[in-house]
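Visitor: Listed below, chain by chain, are the residues.
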Amino acid sequence: MYRQENSKQNSTGPQNSRPSMDSADIVIIGNGIAGLTASVEARRRDPDARIVIVTDQNHPTINTPALKQFAVGKVSREQLLAYPVGTERSNRIHLINGHVDEIHAQRKFIALKGGRTLGYGSLLIATGSSPMGLPANIPGRDFDGVLTLHRLTNYLDLRRRLGEVEDAVVIGGGVHAIETVMGLMHCGIKAHWLIRGETFLGKMLDQPASKMVLEHVRRSGVMVYTNTEVVGVVGRIGAVVGVVTNHNQMIPCQLVLSCTGTQPVSTLARQCTVPILQKKGIIVNDKLRTSVRDIYAAGDVAALLNPQTGEYEPRALWYHAVLQGRLAGAMMTGREPDKADPFGVPWHATHLGEISMLTVGDPLNSSEGIITLTDSNKASYRRMSISGDRLVGYLALGTAPQDSLAIKRIIDEGLSIRSVKKELLKGTFDARRYFSHKRTHATQGAIKTGRLPETSLFDLPAAPKQLQLPAPGSRSTQRLQTTDALQSLEQNDYSESRRHTDDLQLPQKSLRLSPDMMVRQRAEAEWEGSPTGYRLHTNPRMVEAHTSEYTDVDEGEPFQRHEGKRNLWTYAENGEQ
Amino acid sequence: MNRFQPPNQIGNSFIFEGGQKGYPWIFFYLRRSWVLSLLATLLVVVPTWIFYNWYVKNGQDPAPDSVLGYTFAIVGTILMLMALVGFSLRRRSRKRKIGQLNRSLNWHMFFGMTGLALFFMHSFGNFNPRTGTYALYGMIAMVVSGLIGRLLDQIIPRMITAQIDEALTGQGDDQVERISQQVRALMEHNAEGNSGFLPVVSGTPVNSRFIAESGGAPWDLAYITLEATPQELNREASYRLVPDRKSSLTRPGALVPGAEEQMRSLQRVQVAMRKEHTYRYILRYWRIFHIFLAFTTIGLTLWHLEYAATLLIPTFMH
Amino acid sequence: MTRPVLLHKTGPQVIQEINACIGCNECLLACPALAEPITIDVLNRETFAGPISAPVARFARSCYQCSACVAPCPVGLHRDAMMAWLKVRLLRGGKE
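Those protein sequence lines, which keep their order, are chains A, B and C.
To convert, note that position 444 of the first sequence is 444 in my numbering; the numbers rise steadily by one, no gaps.
To convert, note that position 60 of the second sequence is 60 in my numbering; the numbers rise steadily by one, no gaps.
To convert, note that position 11 of the third sequence is 11 in my numbering; the numbers rise steadily by one, no gaps.
Think of the hints as simulated: they come from the structure by calculation, not from any bench.
Please note that the accuracy of each hint is not assured.
[Said to hold, decoys possible] Facing chain C, according to a computed beta carbon distance under 8 angstroms, are these residues of chain A, among others:
1) 72
2) 73
3) 74
4) 143
5) 322
6) 402
Using N, Cα and C, we set each Cβ at its ideal position, and we do this for glycine too.
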């Protein structure tokens, strides 16, 4: 039970020297976006619970990604707030400013600095991440003018200094670094960008993509130094005057900004009487439960299972923090959401200067069975990883932004991208029309022919979803698969004119089919004209609808009319790698 | 205001307690920048018009190529140029506040209409010479297309919204998906009892045993389905089945009772989406049209200027 | 002019996009129809669910779906689709 007994005597909960201990049903540590979203969601689901947020942040929750806009003055402090003013008050969410020293998991209370204690029914650890900053052994890192950019105070400091700076050094090889660099250029400050590695964003971008981005950044006037590290910071009478690199070069500057990445703040996991399992962050299951009863974790600090790599790792991105917060809020009120939004594959989209970058899933995957397609021209670059006819990873760089969530949906739900491969590759994909057209024609065809779609009879309990590389199937995924399998009727808009059958393979198929094979067949081929027993009575006859008029039911045999091309993935013409 | 409403699902969000409702076809919001630009237009045009009338009656030389005529032309051109570039420059500028583009748009309209008024006055009623008249026509077309564009920008989004309303369910989900689910349910319902010989699907050799044990069971596929296997020759190419006009087979969906209605609603949704697509294209292309007219006007104006230069240069050459 | 003309998005898709919004305000800065200051958190909150305040309602009606807000978005979201959703809610609210 998540509800805490509020009784002052007889409390089976925490026994303390104080007879009456403050307690709450739901206690949330941290008021980042995960924490606040969780509290708002918990209030939404349970109007009566006592909800408390404990935080050592002295300001309300802000839109952290907007800090880069704040740094260059595009937004004001008021516009940074993540929720409308007074949200906590109107939702009766109590806020305590304090630092949590310890969690007593068996007796279910937390100990704050200063001796105060707070009992809990459910606890959410949403302590976020902390910046790595400059390595501790770098001399001169405490000169005035050396900033680590992470929190609002850092950005307020930065904003104040911008007017008096001409040269600035930015250290880091990730998205944060490039955003800072471009922001500085925007303000007219000469930026020197030091990247330790060979490429930029080594884990997300491949060589050509990184080169493209760095070229663009160089053209904007930034000095980019790859394979370069800071060896020491030089100052004079307490203020920074420059940095010395590992190439024995001294770069004069008045500001040193380190954007060297973050790590989860999982100290509380160690400061718990029952140690909470943690490795690169607090390990949680897909419902955000930690290894200790009634304790949850969400946000940058939570390490979830990445279905594509099998590792537990944090997803320190805004979107994930929001979703996790919402899920945690639901879980803590004891109501597991019936239709849980699966988190799906990791994705990240941002502007790198004038270039829009989108990466979804795992586009750098080059293992067995994964085919990579790339398309590039002077101003853009796209890379797709495909397994079978499913998209597994997508990377796009260019001036035109992509429909990020639609592509994520395609990967998450494992939809066949047969008919839109070219659009995806060129970047002109319209998701709404695509899905709607597919379903429309599928349904029309089903009605016209009077036959059920192929897969409807095959939602067998035994059929495993083996080909689902990304997230586990949810109900919505299943639904989509069935209607999706009623493929099409390729609209004239989508220029793929390939039809195919598996006919040529038929003689090899035996009558005995395991569910595995069925799934694979269903996944691989759209039209299986196999005479095997299970298929016979459900063979959907999809009449080609070049017009939307109704055609005679008995008109010809669709299969014979199809061009017998078996393999769609004739990658040779697309520059297969 | 902003008392937090706890909706249980998206559906409840349509309860507007104290919130705004409704989407009228025509609406107008008085904004400061609109008032300012209107005042600016009037402040420029009205006194100039009065002066123009006085000059025509009492002035020495009411003609487009008089000093006053040139003044009108030059000021008009400056205004037109500001209309041309003002908005675009503002759009590209980095230091922008929220709402600044809207203000720029209002000033763009002011510049355009004032410029047009001044060009009218520059012509001094001489609509005969070709180039000038055409340039003026071009300008009129451009300004009128801009005004019509504003009207379209009010009405067409409202039409688009009506179509989106059709294409989405009350909960905001895709109608097409809902309909296809219903169709599936219908068909499953209809398929029950039709399966007949349904072979057991499993990995074990049950299949063959089952088939063997049913002993004497027919091997003609037609007992199960009319579906031809793909390798069969297409004998039907030689004849066509022409169903009796009164036969129910001519109606689509005849084999699935209850599907007619679904088909109709599906069509309605398709039509709605097509309409929405068309309306969006109208919006997009009207903008392009307006810009096209602007370029045409520039061209015609240059032509007119060239003509004017041929008149002027001889006089200056003296 | 080269960007594709995209259709609307369904309610759940709009909700998903609102969840992903990082509040950077680029879309509001790029909007030629927005004439009064609106904070993005209020806009997101009201697009999501609940009653619609007057400034947001005026903005929603004034929006003419020019899609200028899509290109500046760093995350690749579609503010025009979210505004279309707001419009639909306004329309439906008025019909009741």
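Visitor: Please go over all the hints and tell whether each is borne out by the structure.
Guide: Hint check results:
no.: 1; hint: 72; verdict: 11 angstroms, violated
no.: 2; hint: 73; verdict: 12 angstroms, violated
no.: 3; hint: 74; verdict: 7 angstroms, holds
no.: 4; hint: 143; verdict: 31 angstroms, violated
no.: 5; hint: 322; verdict: 5 angstroms, holds
no.: 6; hint: 402; verdict: 5 angstroms, holds
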